[in-house]
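*Asks:* Sequences are here, hints too, so could you generate the full structure?
From first to last, the protein sequence lines stand for chains A, B and C.
The numbering of the first sequence is my numbering, which starts it at 25 and goes up by one.
The numbering of the second sequence is my numbering, which starts it at 6 and goes up by one.
The numbering of the third sequence is my numbering, which starts it at 729 and goes up by one.
Treat the hints loosely; a few may be bogus.
Claimed, not checked - Derived DSS-like pairs: lysine-lysine, alpha-carbon spacing no greater than 27 Å straight-line: (1) A:Lys185 x A:Lys196; (2) C:Lys791 x B:Lys582; (3) B:Lys360 x B:Lys430; (4) B:Lys360 x B:Lys576; (5) B:Lys621 x A:Lys305; (6) B:Lys430 x B:Lys621; (7) B:Lys173 x B:Lys430; (8) B:Lys576 x A:Lys98; (9) A:Lys299 x B:Lys621; (10) C:Lys856 x A:Lys196; (11) C:Lys734 x A:Lys98; (12) C:Lys856 x A:Lys98; (13) A:Lys305 x B:Lys624; (14) A:Lys305 x B:Lys360; (15) A:Lys98 x B:Lys582.
Worth flagging that the hints you see were computed from the coordinates, not collected in a lab.
Bear in mind that the values here come from a model prediction, so they are computed numbers and not experimental data.
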Amino acid sequence: MYNTPSDHVCRGRRCGVGALMSIIYALLFLLLAPVAGGLIAGIDRRITARMQGRVGPPILQPFYDVGKLFEKEKVVVTNSQNFYVLCYLVFIALSGAMFFGGGDLLLVIFAFTLAHVFLVLGAYASNSPYSHVGAERELIQLMACEPIIILAAVGMYMVTKSFYVADIAATKIPLIVFIPGLFAGFVYILTMKLRKSPFDLSTSHHAHQELVKGVTTEFSGSTLGSIEIAHWYEAIFLLGFVYLFFSWSPVIAVIAIIIIYVFEILIDNTFARVKWPLALKSSWLVTAVLGILNLAVLYIIGGFLK
Amino acid sequence: MSNGILEGFWLDLVFFLILFPFIAAIVLLLIKADNVRSAVVGVSALLIAAVSVWLLVAYATSGTVFFPVSPEPLGELMFLIGMGIAVFILYMGFRYKNYIAIALTLIQSAMLVYFEFGISHGAAPENNFFVDQFSIIMALIIGIIGSLICVYAVSYMKDFHHHHPELKDRRRTFFFIMFVFLAAMFGLVFANNLGWLFFFWEVTTLSSFLLIGYTGTDEAIKNSFLALNMNLLGGLAFAGALIWLALTGGGMELDKLIATGGIIALVPAVLISFAGITKAAQFPFSSWLVGAMIAPTPVSALLHSSTMVKAGVYVMVRFAPVLQGTTPGYMIALVGGFTFLLASAIAISQSNAKKVLAYSTIANLGLIVACAGIGTYEAIWAAILLIIFHAVSKSLLFLCVGTVEHQVGSRDIEDMNGLITRMPKVAVMMLIGMAGMFLAPFGMLISKWAAIRAFIDAPFGVIFVIILAFGSALTVFFWAKWMGRLISVPPPVENAERRVSRTEWLVLSFLAGLVVLATVLFPLISSYLVEPWLFAIYGQVTRLAQENVAIMLIMLFLLMVLPVSMLHYRKNQRQLKPYMGGMTTTSRMHFTGAIGIDREVTLGNYYLENYFGEHKLSKIGVPLCIILLAIMFAGVAVAGLVH
Amino acid sequence: MTYLSKSPWLLHYNASSCNGCDIEILACLTPMYDVERFGILNTGNPKHADIFVVTGSINEENKDVLVNLYEQIPDPKVVVAIGICASSGGVFRECYNVLGGIDKLIPVDVYVPGCAARPESIIDGIVKSLGILEEKRNAMVSGVPGESEMNNGVREAGTE
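*Replies:* Encoded structure:
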């Protein structure tokens, strides 16, 4: 009826056969991401151990961990907390599925925010001191991470003229050349998202303790197992996001993912945890400086290229 | 020009909507008995809501319909009433020794007298009233949400005076002003004649002034004058716009003016947008809205979140095609953007629930102002969606806070800890309202998303995207921590919900349902109302892609369905105490501390005063926006003088 | 083979120990002995733990804490008493403030005597407890009531 700006035109894989492929990719993500995420977590622990001069657990250890958690007795502090964690898991999976199905990147980011709010609510529900402070810190972390992720998506749009992951993944333009600042900013907060030192403020993994276990203090058994699986889904999504910066060359992208992840493990083992004001301020500073500079440059280039 | 559906304006739904609330107001002024008043309010509210919906049905597909109403005698009547209002304000100014109000009123009256007698008799504007899709949307908001709030107010005010026997019971005046306000708002959104629009505008200013000062306490009077003065300042600018239009022959008719464009339209656009900025409480004029929270909650819900402040952004959206791409437009947009950023930050540091809602309102209005200043078709689409969804969610939140305040006795967020056990249904509705403000897939998030897309495609829009990225991160923080207070499950306490009245339940449930319904229906609202209107003005439309709409509906469906799992989790699982380092806790969160002293655990939210304190950030916001406004005025003044 | 024995997480609690045994426990986590090879993690949160590792004897101050922590650990769980103080009170057994070993309050599954217990013994004890953990898991699956449901899982101080 009206002249809509190309939303309904076949974009990448947006119509007919494209929709089917999206659903298949989404389903593959739902089934395979926990496996991949668990393996990556296991490799992570192995590399960490080697960096610390130890032998480390078997690569499949995360699966044993989750398996064990599901074998434990079902206990709660308050009944509603399991509901919130269920919602957290469902929405993390859904958001990741939307991402790998090629959907709108902004919607994916907002859906992830929804999922994280559910985790925070689950921590608040138990009215316990440690999980309460953990929840506050988790919100601060959310606040610290969100701007740069949105700006990274915006940067990708400015180069590829599309918010759809399908298009960005299929682009032949080397995004990293155009948005290196946004990439650096993203890697900065990746540490926070992966819950690694120095930014593992709200809860931490392995045997680190912060506020006992922060957000996850009052969860146990299958609930905790669900949170772990959700974390795997999220890790795969985050690595997928890194992939997008290099999507013009899949080989380079995979290498980049490996390098970045090992780099994160190195940072984890090198730095001590910082206080939350430093985490928040530094994230926003990095976002503001790198993000604004990068976007400004992009805008000016875009003006010249028109 | 096509006539109204019912043959002539005087028989039309539009006229009914403007006149009927006014008649209801007069009736309510005379009624003393509580139950008669409830009945009259209920019936009037129902009628107004029904006619608003009828309006939608009648005019939805008609495009823009003009009503050729003769400017006499209505115009003269408005002038007389306007002068009467000025005299009343002068009286109030003398009575309470507020000289700024006196000065502003005198200047404004002088301007209006000059306008009326000196220069305005050349033009004879014909189409003084009109209806288009945007008016219909605004009318629905005023008619449905406004009526609901008035119904709620009946029960609320009864409780209010019960709790405050020391205050004079002036409910007749209260409801009189509330309904006069509704009438004025309807007049505002249907007026095509800018002079008449200004009249209705000033009536809303007056209503706000009187309602804020309702309780008559010193603080209330002080805040009411603050609101009055800031809005009068805006009114001066508006009057200035009218004089310009008369002097340059631009004509009083809004639609013709926008079609004319150019400097003739830009000057009044900027001046009226300035008036809009004061009415929408943008920086540097935000303090009046925060101070207005002293008023009873229905006032805050009706005037200061869903309706009157929307009038400010309404005129700016109307003028958006004129502002698009101009420097003053960008200045206005920057004022809106920075207001959004700073107000969201300040909201983090507030623990008074109504102040949080006030700052959130200011922030969201800032976003709408930013969209209006940018003025592209995508931005206006986002702006209208923001208006709709914000009105619905915010009014629900205000009314819930009012109910909670009466039952729990406090407005402080920390006292709402564990509300889900004390007042489960109200807590759930509050959660729906809050989710509606910042979570996917609800309306406000869709609107923010639309705003990002609009800003990216606009020239220089990248600045606003950055502002929006930071601002929306801030909003997540303060809404989520408030939600956390509500859903935490502390030791069992008495259920405080029993004494909530049936009318309040009815209104709250309706609004909560409306939040969800608006989200579900928004594709339809967009296709049937917003897009045709956009197309008529800009020749282009935008909409959300179908897959995204589908995904959002899936998410909404999941959110409705997943709570059923709570039934499953009710099965007897072993319940543990929270971990407190092994120190025994009783169920009442007590533990034995050092030296055997019994201590209680209290948990509170982070307010981060050092970073997001009100004074600290206002000190940045006020000067910054003054500078922006100064640039805006300078730019337009130079251009105007050259003309 | 259950997952429990492949991923035992332990909660380490020092009741009134002189820290000798604690240092030896922490030594197990160091690269020298590296119990993470077995998937063992030292979690500080009882709700996440499977093995309750206790050092030191009980006294008035910590008896409530010990029971509180024990109750917060979900089934199936095992208790390992490290060092002679946790097993029976050790050299401090006759002191007026010491109530005895931890088995006066909670059921102990493995005793690791020593003063201080060597890391090798500790690891040996924990590995033994894994077997017991498996038995308990199998019992839980087949419907035998867990520790926490019998006698509230704890005993009154003073019974022998």
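*Asks:* Run every hint past the structure and note whether it holds.
*Replies:* Evaluated hints:
For a cut-off of 27 Å, the pair hint linking A:Lys185 to A:Lys196 stands: about 13 Å separates their Cα positions. Simply put, C:Lys791 and B:Lys582 have alpha-carbon atoms about 17 Å apart, close enough for the 27 Å limit, and the pair holds. This hinted pair checks out: B:Lys360 and B:Lys430 have alpha carbons roughly 23 Å apart, not beyond 27 Å. For the hint linking B:Lys360 to B:Lys576, the alpha-carbon distance of about 40 Å lies beyond 27 Å, and the restraint is violated.
For the hint pairing B:Lys621 with A:Lys305, the CA-to-CA distance comes to about 17 Å; that is within 27 Å, so the pair holds. For the suggested pair B:Lys430 and B:Lys621, the alpha carbons sit about 37 Å apart, so the restraint of at most 27 Å is broken. Our distance criterion of 27 Å between C-alpha atoms is broken by B:Lys173 and B:Lys430, whose separation comes to about 32 Å. With a C-alpha separation of about 10 Å, the suggested pairing of B:Lys576 with A:Lys98 holds against the 27 Å cut-off.
Simply put, A:Lys299 and B:Lys621 have alpha-carbon atoms about 23 Å apart, close enough for the 27 Å limit, and the pair holds. Distance restraint check for C:Lys856 and A:Lys196: the Cα-Cα separation of roughly 59 Å exceeds the 27 Å cut-off, and the hinted pair is therefore not satisfied. Distance hint between C:Lys734 and A:Lys98 is fulfilled; the C-alpha atoms sit about 20 Å from each other, no more than 27 Å. Taking the CA atoms of C:Lys856 and A:Lys98, the gap is near 25 Å; set against the 27 Å cutoff, the hint holds.
For the given pair, A:Lys305 sits about 20 Å from B:Lys624 by alpha-carbon distance, which is consistent with the 27 Å threshold. Between A:Lys305 and B:Lys360 the alpha-carbon distance is near 25 Å, which keeps this suggested pair within the 27 Å criterion. Straight-line distance between C-alpha atoms of A:Lys98 and B:Lys582 comes to about 14 Å, which keeps the hinted pair within the 27 Å bound.
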